[in-house]
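Asker: Single-letter residue listing:
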Amino acid sequence: MLYKNQGGGELCLKGYPICPGIAIGRPFFFTVAEENVPEFSVPHDQIDREVDRYYIALKDSRQDLLFLQNRLQKEGGSEAADILGAHLEIMRDPLMTVEMEEAIRLRGKNTEYVFKSVIGEYEKKFKRIPDALFRERLKDFQDISRRVIGHLRKHERCTLGQLTMRSVVFALELSPSDTAEANTDVIEAFVTRSGSETSHVAIMARAKGIPFVSNVDFPDLTVFMPPKVIVDGCNGQVIINPTKETVKYFRDEQKQLQIKVKGLQETGNIVAETIDGCKTRLSANIERFAELDSLHEYGGDGVGLFRSEYLYLACDSFPPEDEQFLVYRSIVEKVEDYPSVIRTFDIGGDKLGNFHMNRYEKNPYLGCRAIRLMLKEKPIFKTQIRAILRASAFGELRILFPMISGVSELREAKEIVEEAKEELLQSGIPFARNIPIGCMIEIPSAAITADILIKECDFLSIGTNDLVQYSLAVDRDNSSMSYLYTPAHPSIIRMIKMVVNEGVKAEKSVSVCGEIAGDPRFTPLLLGLGVNELSVSPGSIRKIRKVISLLSIKEAKKIAVAVLKCETPIEVEEILERAYQKIHGTF
Amino acid sequence: MITGEQDIIRTVQVKNEHGLHTRPATMIVRLLQDVKSEVFFSYNNETINAKSVLSILILAAPKHACITINTKGEDAEEVMSQLVEIFENSFGEVRASVV
Chain A
136 MLYKNQGGGE LCLKGYPICP GIAIGRPFFF TVAEENVPEF SVPHDQIDRE
186 VDRYYIALKD SRQDLLFLQN RLQKEGGSEA ADILGAHLEI MRDPLMTVEM
236 EEAIRLRGKN TEYVFKSVIG EYEKKFKRIP DALFRERLKD FQDISRRVIG
286 HLRKHERCTL GQLTMRSVVF ALELSPSDTA EANTDVIEAF VTRSGSETSH
336 VAIMARAKGI PFVSNVDFPD LTVFMPPKVI VDGCNGQVII NPTKETVKYF
386 RDEQKQLQIK VKGLQETGNI VAETIDGCKT RLSANIERFA ELDSLHEYGG
436 DGVGLFRSEY LYLACDSFPP EDEQFLVYRS IVEKVEDYPS VIRTFDIGGD
486 KLGNFHMNRY EKNPYLGCRA IRLMLKEKPI FKTQIRAILR ASAFGELRIL
536 FPMISGVSEL REAKEIVEEA KEELLQSGIP FARNIPIGCM IEIPSAAITA
586 DILIKECDFL SIGTNDLVQY SLAVDRDNSS MSYLYTPAHP SIIRMIKMVV
636 NEGVKAEKSV SVCGEIAGDP RFTPLLLGLG VNELSVSPGS IRKIRKVISL
686 LSIKEAKKIA VAVLKCETPI EVEEILERAY QKIHGTF
Chain B
4 MITGEQDIIR TVQVKNEHGL HTRPATMIVR LLQDVKSEVF FSYNNETINA
54 KSVLSILILA APKHACITIN TKGEDAEEVM SQLVEIFENS FGEVRASVV
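Top to bottom, those sequences are chains A and B. Under my numbering, the very last position in the first sequence is 722; numbers go up by exactly one each time. Under my numbering, the very last position in the second sequence is 102; numbers go up by exactly one each time.
Since the hints were made in silico from the structure, they are not lab data. Only a predicted model underlies this, so the values are computations on that prediction, with no experimental measurement involved. Treat the hints with care, as some may be off.
Cβ-Cβ distance ranges computed for the label pairs, FRET-style [said to hold, decoys possible]: (1) Q561(A) x E80(B): 40 to 46 Å; (2) H179(A) x G95(B): 47 to 53 Å; (3) D457(A) x Q36(B): 24 to 30 Å; (4) N92(B) x S329(A): 53 to 59 Å; (5) E41(B) x E256(A): 21 to 27 Å; (6) E20(B) x F175(A): 46 to 52 Å; (7) G95(B) x N498(A): 46 to 52 Å; (8) L223(A) x E20(B): 40 to 46 Å; (9) E558(A) x E80(B): 40 to 46 Å; (10) E41(B) x N498(A): 52 to 58 Å; (11) T232(A) x E8(B): 21 to 27 Å.
As a list, the in silico DSS-like pairs of lysine-lysine whose alpha-carbon atoms are at most 27 Å apart [stated by the list, open to error]: (12) K66(B) x K260(A); (13) K517(A) x K18(B); (14) K259(A) x K66(B).
Footprint (simulated), chain A over chain B, 3 or more residues, beta carbon under 8 Å [claimed, not checked]: (15) 21-27; (16) 56-69.
Ideal placement from N, C-alpha and C gives every residue a C-beta, glycine not left out.
All chains should be built: construct the whole structure from the sequences, respecting the hints.
Answerer: Here's what the structure looks like:
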């Protein structure tokens with residue numbers, strides 16, 4: 136759809152509300168860099184200019200890293216900052232400076248072409264190294280070259296983290312890695328053409344509280360870039376080139392929203408306990424170290440889920456044991472009073488990173504990911520387990536295995552844990568002998584055999600996002616099918632009940648860590664079904680705690696009974712909506 | 004005693020558990036930052052510029068590898084002894100035993 140500047144016409148588009156909030160700002164169109172680099176000869180008298188261009192791009196890249204490194208240090212991510220330090224060293228390397236200059240002069244071609252081919256030659260050398268640890272450094276190298284090329288071709292590429300002007304980001308789609316770089320001070324909102332409500336991108340945006348509307352058929356912004364847009368994440372609206380009146384209306388809405396949010400924030404000191412005294416543990420799902428600070432701010436009961444794969448995504452390779460150990464130890468040291476749950480690497484699906492570049496799978500969600508991948512790459516798995524065990528000597532940690540489909544997988548994984556324990560014992564390295572081990576219940580086969588699983592582990596955590604996907608056979612990122620994706624389907628409710636019952640019988644904890652845990656509409660249902668632990672994004676802690684404090688467990692049980700009788704998701708949603716309105720009225 | 008431009012060759016062994024990976028490579032490069040001499044490492048029929056961290060990494064020298072160091076220049080003697088020492092000390096890496 137082409138939008139021509141027709142003298143300031145306002146254009147109102149509809150999409151799916153992913154994360155609430157209102158943003159009014161200037162748009163920025165985010166694209167991924169092209170793979171193909173043009174090649175052309177450069178006349179002798181202009182070669183100096185080409186060399187200069189290269190050095191400038193190098194300098195700019197260096198400045199990026201210094202900035203990111205500084206920010207990471209401030210956020211307490213010293214391990215990640217060290218990685219950037221190593222990248223900075225690489226950029227000072229003669230191979231990247233004098234040798235590259237020589238190559239440009241010798242070959243007499245444009246900088247980006249020479250750069251890309253020289254880098255390609257080094258990459259080949261790296262790939263020939265048999266030792267995996269050394270070969271991993273290729274990833275650092277590729278990261279740096281991408282950054283330098285990005286600067287050489289400034290008009291073509293920008294990472295979200297490099298955005299310096301406050302903007303509303305428009306994109307065809309976003310990856311979790313992209314959004315990980317997002318700075319909430321600078322990014323006002325996200326608008327995408329595709330994507331669906333519960334993909335990891337959405338989860339990330341919600342964790343950061345960035346308004347987000349997806350499935351918006353926005354016009355080609357390279358043709359005309361409007362000076363101002365409004366994103367209404369509450370109602371799923373995007374307004375291009377709004378009139379003065381529209382802007383005023385939404386500014387007022389923004390103010391109202393801020394007052395409401397503040398009201399919620401002031402309930403910071405209320406315990407997550409129902410009116411009739413039923414306590415719920417309210418912990419946090421985190422992936423970045425910086426989120427631990429917001430945990431203290433919002434008062435969560437520890438880390439219910441640490442998505443460890445973001446360590447991998449942050450540096451595009453599995454970090455060595457020592458680096459991981461430092462991160463896990465920092466977590467337990469920062470969260471003193473409660474246990475922290477580390478979920479082992481859940482790589483695959485939409486969090487690909489570079490690992491799967493050479494492994495094409497027709498159905499990645501049904502393929503080699505998470506625990507399956509780890510059981511195939513035992514050294515990587517054991518390294519993580521060792522790091523977690525070592526950190527367990529410093530505080531309460533628990534291990535959580537993702538995507539368990541049956542007890543055999545659990546047994547195999549536990550064997551690795553035993554091996555790791557034995558190794559550490561032999562080396563005299565301390566660790567918690569009886570570290571609790573849990574399974575994620577996100578595959579129907581696991582939910583249905585929860586009774587078998589619970590005999591051989593210490594706790595279960597229901598990951599409703601993937602459970603819905605696998606049970607209803609819907610790709611959560613397929614926007615045309617997203618109407619089928621709903622956790623309110625009776626099958627999901629029944630499975631939650633099934634798993635919780637097994638937990639109660641075995642006297643072991645069952646928590647829910649999917650998106651519904653952070654949805655206040657589901658809170659009464661979950662509590663009524665017997666869930667006594669919810670793990671949510673830090674930004675949701677306050678509102679869930681507030682809802683819990685306004686509930687009675689008696690009422691919650693009644694809601695659960697009513698919901699279990701429903702035959703369709705719509706019926707379930709009606710009951711939940713009515714209950715929510717009742718509570719909402721008392722806010 | 005030869006003075007002026009010196010060309011010194013010595014062989015050392017890599018003692019680190021993980022070989023010449025990022026940490027030792029970075030240490031070598033930092034050590035050689037302001038050194039006037041040229042420094043080369045030879046291993047496995049490859050000779051590289053030791054002031055380039057990437058080159059050292061691509062060398063991928065594992066534990067027990069024998070590296071031939073060649074220093075050439077006015078401070079060659081001093082550089083060589085510093086390098087030999089750092090290799091001997093396993094680049095400051097202590098075996099992770101009792102925590």
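Asker: None of the hints should be skipped; say for each whether it holds.
Answerer: To see whether the hints hold, each was checked on the structure:
1. Q561(A) x E80(B): 40 to 46 Å: This hint holds: roughly 44 Å between Cβ atoms.
2. H179(A) x G95(B): 47 to 53 Å: holds, 49 Å
3. D457(A) x Q36(B): 24 to 30 Å: holds, 25 Å
4. N92(B) x S329(A): 53 to 59 Å: holds, 55 Å
5. E41(B) x E256(A): 21 to 27 Å: Holds: the Cβ-Cβ distance is about 23 Å, inside 21 to 27 Å.
6. E20(B) x F175(A): 46 to 52 Å: 48 Å Cβ-Cβ, so the 46 to 52 Å window holds.
7. G95(B) x N498(A): 46 to 52 Å: holds, 48 Å
8. L223(A) x E20(B): 40 to 46 Å: violated, 25 Å
9. E558(A) x E80(B): 40 to 46 Å: Cβ of E558(A) to Cβ of E80(B): about 44 Å, so the range 40 to 46 Å holds.
10. E41(B) x N498(A): 52 to 58 Å: At 55 Å between Cβs, range holds.
11. T232(A) x E8(B): 21 to 27 Å: At 25 Å between Cβs, range holds.
12. K66(B) x K260(A): holds, 20 Å
13. K517(A) x K18(B): holds, 24 Å
14. K259(A) x K66(B): Status holds; Cα separation ~23 Å.
15. 21-27: That given contact holds, which follows from 4 residues of the segment 21-27 of chain B lying within Cβ reach (below 8 Å) of chain A.
16. 56-69: Per the Cβ count (7), the hint holds.
Taken one by one, the earlier hints fail for this structure only at number 8.
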